[in-house]
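Participant: Now for the letters of each chain:
2 protein chains.
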Amino acid sequence: MKKTIALGILALSLAGTASAQVKPEDQIKYRQAGYSFMAWNMGKIKANVEGEYNAQQVQAAANAIAAIAGSGMGALYGPGTDKAVGDRKTRVKPEFFQNMEDVGKLATDFNAAAANLAKVAATGDKAAVQKAFGETGATCKACHDKYRAD
Amino acid sequence: MKKTIALGILALSLAGTASAQVKPEDQIKYRQAGYSFMAWNMGKIKANVEGEYNAQQVQAAANAIAAIAGSGMGALYGPGTDKAVGDRKTRVKPEFFQNMEDVGKLATDFNAAAANLAKVAATGDKAAVQKAFGETGATCKACHDKYRAD
Numbered sequence: 002m003k004k005t006i007a008l009g010i011l012a013l014s015l016a017g018t019a020s021a022q023v024k025p026e027d028q029i030k031y032r033q034a035g036y037s038f039m040a041w042n043m044g045k046i047k048a049n050v051e052g053e054y055n056a057q058q059v060q061a062a063a064n065a066i067a068a069i070a071g072s073g074m075g076a077l078y079g080p081g082t083d084k085a086v087g088d089r090k091t092r093v094k095p096e097f098f099q100n101m102e103d104v105g106k107l108a109t110d111f112n113a114a115a116a117n118l119a120k121v122a123a124t125g126d127k128a129a130v131q132k133a134f135g136e137t138g139a140t141c142k143a144c145h146d147k148y149r150a151d
Numbered sequence: 002m003k004k005t006i007a008l009g010i011l012a013l014s015l016a017g018t019a020s021a022q023v024k025p026e027d028q029i030k031y032r033q034a035g036y037s038f039m040a041w042n043m044g045k046i047k048a049n050v051e052g053e054y055n056a057q058q059v060q061a062a063a064n065a066i067a068a069i070a071g072s073g074m075g076a077l078y079g080p081g082t083d084k085a086v087g088d089r090k091t092r093v094k095p096e097f098f099q100n101m102e103d104v105g106k107l108a109t110d111f112n113a114a115a116a117n118l119a120k121v122a123a124t125g126d127k128a129a130v131q132k133a134f135g136e137t138g139a140t141c142k143a144c145h146d147k148y149r150a151d
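Chains as they are written, first to last, in this note's numbering: chain P, 2 to 151; chain C, 2 to 151.
A hint or two may mislead.
Any copy will do: because identical chains look the same in the list, a pair fits if it lies in one copy or spans two.
[As the list claims (entries may be wrong)] Keeping only pairs whose Cα atoms sit at most 30 Å apart, straight-line, the calculated DSSO-like set for lysine-lysine is:
no. : residue 1 : residue 2
1   : Lys106    : Lys24
2   : Lys47     : Lys90
3   : Lys24     : Lys142
4   : Lys24     : Lys47
5   : Lys90     : Lys24
6   : Lys106    : Lys147
It should be emphasised that the hints constitute simulated quantities derived from the structure, not laboratory data. No experiment lies behind these values; they were computed from the predicted model shown.
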């Protein structure tokens with residue numbers, strides 16, 4: 002448990018080192034871009050597991066989700082990104098910034114589920130992908146339910 | 002050359018099959034999200050090759066770029082996405098849709114450069130990453146110069 006939390010915090014802080022200074026409004030823009038692009042790819046996987054299955058498409062989509070999840074998005078929640086900056090709105094709740102241990106754990110769960118989804122997608126096994134996809138979606142929802150406003 | 006073009010068109014059309022129907026305004030939103038998230042990761046790699054080098058951060062960033070590049074973004078240039086849809090603006094030029102063979106070639110070049118960048122980043126060799134990073138940036142610019150309005 003301790004190790005899981007430590008890994009989560011590491012994942013969240015990874016991109017902080019040696020990173021170009023990114024303005025708060027751009028941090029919000031980039032994190033929203035990451036979630037938006039993952040949503041498109043989740044939608045593609047959903048369509049595949051519910052219909053005709055294209056293993057190559059699912060694998061490419063899962064790779065994108067896993068790589069975005071593993072890219073150190075925690076660095077995009079820096080100071081000044083807890084509320085709208087000019088026209089750049091955010092749905093993140095203040096509680097997010099007050100519970101970084103819990104957020105770190107949720108981030109670790111998400112990273113692990115996304116990495117597993119990519120691994121399973123590489124096998125082309127539709128049923129296994131459906132299971133891993135559901136598990137990944139659950140880790141998204143766990144964070145949204147707690148830390149994202151409607 | 003013929004093969005390169007065919008591969009490019011394949012890459013552009015890959016995500017079209019079995020995909021959920023995505024509205025034109027959402028296609029524009031998702032493709033902009035992909036480019037935006039890649040830009041953040043390109044910025045991180047740039048900061049690393051110009052300063053203190055964090056191999057793990059560069060590898061994660063390069064993986065994100067390569068996976069997004071390989072996710073079949075061609076499907077996000079469907080009918081009705083050649084100009085603004087409501088509030089959703091786009092900088093794509095009409096010429097993009099009139100030169101799909103050339104676009105396919107540029108997309109193939111970009112995918113190959115991004116995949117190579119990820120491969121090189123895994124070695125942790127800063128000088129080699131700098132070269133591969135420059136080559137990737139050049140393939141971005143090649144398309145922007147021709148098909149993106151200022």
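Participant: Does each hint hold? Answer for all of them.
Facilitator: For each hint, the structure was consulted:
For the homomeric pair Lys106 and Lys24, the shortest alpha-carbon distance inside one copy (26 Å) is at most 30 Å, but the shortest distance between copies (35 Å) is not. Taking CA atoms no more than 30 Å apart as the test, Lys47 paired with Lys90 passes in both settings, with 28 Å inside one copy and 28 Å between copies. In this homomeric assembly, Lys24 and Lys142 come within 30 Å of each other (Cα to Cα) both inside a single copy, at 28 Å, and across copies, at 24 Å. For a Cα distance limit of 30 Å, the shortest separation of Lys24 from Lys47 across copies, 16 Å, qualifies, whereas the shortest one inside one copy, 34 Å, does not.
Taking the closest pair of Cα atoms, Lys90 and Lys24 come within 30 Å of each other both inside a single copy (14 Å) and across two copies (23 Å). Taking the closest pair of Cα atoms, Lys106 and Lys147 come within 30 Å of each other only inside a single copy of the chain (13 Å); across copies the shortest separation is 45 Å, beyond that limit.
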